[in-house]
Each structure stands twice: as C-alpha cells, then as structure tokens.
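Asker: Residue 360 is where the sequence shown starts when you use this note's numbering, and the numbers rise one by one after that.
Since the hints were derived computationally from the structure, they do not count as laboratory data.
Check the hints yourself; a few may be wrong.
DEER-style ranges, computed between Cβ atoms [stated by the list, open to error]: (1) I414 x R496: 34 to 40 angstroms; (2) R496 x E625: 55 to 61 angstroms; (3) M494 x A753: 41 to 47 angstroms; (4) G605 x G467: 55 to 61 angstroms.
Note that the Cβ used here is the ideal one computed from N, Cα and C, for glycine as well.
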Amino acid sequence: MSEAGKPLKGIRVLDLTQALSGPFATQLMVDQGADVVKVESPAYPDNTRGVHPFIGETSHYFLAINHGKRSLGLDLKNPEGLALLLRLSEKADVIVSNYRAGTLDALGLSTEALAARNPRLIQCLISGFGQTEGMYRKKAVYDANIQALTGFMSVTCEPDGGPLRCGVSIGDLIPGLFALQAVTAALLQRKETGKGQVVDVAMYDCMFNLLSYYVTLTQATGTAPLPSGSMHASVAPMGRFETKDGWLMVTAFTEVFWRKLCNALECTEFIEDPRFVTMKERLQNRDVLMHELQSRFKTRSRDEWLAILDQHDVPNSPVLDVLEALNHPLTRERKLLQPQTTIDGRKVEVSRQPVVFGNELPRVKSVPRSPLLGEHSNDVIRDWLGDGQQSIDALRSCKAVT
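Work out the full structure: start from the sequences and follow the hints.
Answerer: Here it is as structure tokens:
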C-alpha cells in the first residue's frame, strides 16, 4: 500500500483491548499505518488466543484481528508494570481499551491520570453501556446481548421464526468501526486545539444508532416492526428467491427497477395491476407479490436467472456461503485478501482494510503476522522510551514485563 494509504503513519497506539470490538478497531489502525502496541497481561492474555480452530499454532480468530501489531507483555497489577505503562502513555497518541467501565480507574489509569501525564492523548474507551453513571454501566455484555437489547434480533428473523442473532458479530464490529472514526476525528481536532480528549464508545449506543429508519418507522406506525427476514421493512419487492438449483437475491423496489423486473420475468401485466401499481400497494400486498414472483423464479436455474436479470439491469446477486465468497472472482479482482505467514510457517489470508486511498487498488502483499505474547517487549521499550538493556532487565527481574 502506498503512503497515501497509510494516513495514520507515525501515530502511536497503546492497545489495551481483548476479544473483538477493540482489537478490530486497532487492527484497522494498523492497516492504516499506525504503530499499535498490544498490551497483554502474561497471566491473562487476550482470550481469543485460545479460540479454536487453530491454523498451525495460532488461533484463526486471533490472527484475523491482530496481525501487524507489536506485543508487550505487561502486568498492570505490578507497580513497576503500571509505572511503565504510564511512561508509555506519555509517548502515545492514542490509547484504546474495551474493559468494563471503571476497570482502568481501579488500576490507577483513570482518564484524569492519563490526561495529566499526556494532555495530547486521545483516550478511546469502548464498553457495553458507556462511561457515564447509569443503570448498566458495569454490566457484563457481549455482542449477542447488544443485538438482543437494541431490537436487532427481533427483525433479523424470518416472519414465521423466533428472534435470531446476526451470524457476524455486528454488536462488536460496529462499535469498532465507530471507535476508528472517532479516534481519527479526535486526532484531526487535536491539530487545531493541541489537546487530546476522551472518546466514549458504548456498544449499545452504536447499535442503537444503526437502527436508523427503524426508529422513525416505529414512530410512524406506532407498533414494533415485524420480522422481515431477507425482505425489507419499508419497500418491496426485495428478498431472496429459490430457483431450480439455488437462491438469489433481488432488490427492485424503485419504480424503474420494478418495471425492469416485470419485463425480465415476462409478467408486464403486474405493472398496471392495482395490487402492485405503486410502492404503497406493493408493500401492502407484499406476501401475494412475493408468492407470485417466487413461482416464476422456480422455473429456471440460478445462473439462467442471474444472466436474465443482468440483461435487464435488475439489481441481483447469488446467495453465496462464505467459502464461495472467498473464491469469488470479485474478491480477487478487488484484492480483498492479503497473505500472512504464521509463526510456524503456515500460509493464511486475511481481509484488507476496505477503504481505498487514491485511484488504484492496493498491491497484494504479505502482512506482518500476529504477535506472540510479549514478543516485542524489548523493542517497544527501546523505541518508545529509549531505555537501555539494563533498564529492561531490571523491569523483567521484578516481573513487570515478559
């Protein structure tokens, strides 16, 4: 990737995160050029290091969201370890954590203490329900709980099924994205003010924000939206259809695309049908409409329909599984996978950060592997603090670092 694709080059990040939301945010920072130092307790390392299955000696989960980071094994409950982190915070631009609210305060790493050490520090605190006092402030929570609490599960399922969690952990990943956006905005503001700030990223708030038009839809109708499955709560037709040999997805809810779909399916009489003449009628009669369309899609193979729909410029796609998506020509064309070599020489590919900086796709090149616990402790202490080997040995003798 060119230097234009590394806008965070020169930014130093202390990564006090585990699991998914925080590591995903800091992984994106690595991908955009930041020097990210992952701080882990030797006694309680990131629990995703143990998530199976493994690729060689490394968890597939850990290597997906921790490659290119440097690892500092540091015991924050050891006074010398805590003192070292405070020194490192003076050299950092950003510190990211996803502990439960109040945890850092108990360790002696309150926002006030860190700001006093480094007024330019951006402190990004990811938690379930935010840092301010409230009913759930210290409640333990994970992705699935957030999906359930915000209403996502109630609309993810099929109309005749029970609530379903989105298979991808969006309750973690979405806050990670908001964290990246907030940190970069805070860095930009720091250029003007010269001061850092605290960025409070609550998983609940982020997912609630993504309800978007469901918030206004509920107020417009006065009732909770019903499950829509692969359909859309406010427009039709949109949904999955079964063909002779597989599934495809069609989204043809604008008037232009609706007419094109009718032409593609050779049912032009639907264009003037009172049940389907406008979006309002199509939505009111959605069940009938979807049944009529489904009966037509069943008459041909998926590939036949994909070709016909493309010919008529109707938005469509096959419904693929993840293995098919990995091997899809578009994935290679967009250069979305980057090779990585694990510590034991295994080859694996990880997804690149999705934003393209400039007019050309980034070159496909190997990315640094995910680190062993404490692998870069000496290097980080030397690079950030300029400490010599004698100081490092003294810290290690008191078991502050590994």
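Asker: Taking the hints in turn, state whether each one holds.
Answerer: Right, here's what the structure says about each hint:
1. Here the CB-CB span from I414 to R496 is close to 38 angstroms, well matched to the stated 34 to 40 angstroms.
2. For R496 and E625, the hinted distance range of 55 to 61 angstroms is satisfied, since their beta carbons lie about 59 angstroms from each other.
3. Taking 41 to 47 angstroms as the suggested C-beta distance range, the pair M494 and A753 conforms, at roughly 46 angstroms.
4. At about 58 angstroms, the CB distance of G605 to G467 agrees with the hint of 55 to 61 angstroms.
In this structure, every one of the numbered hints holds.
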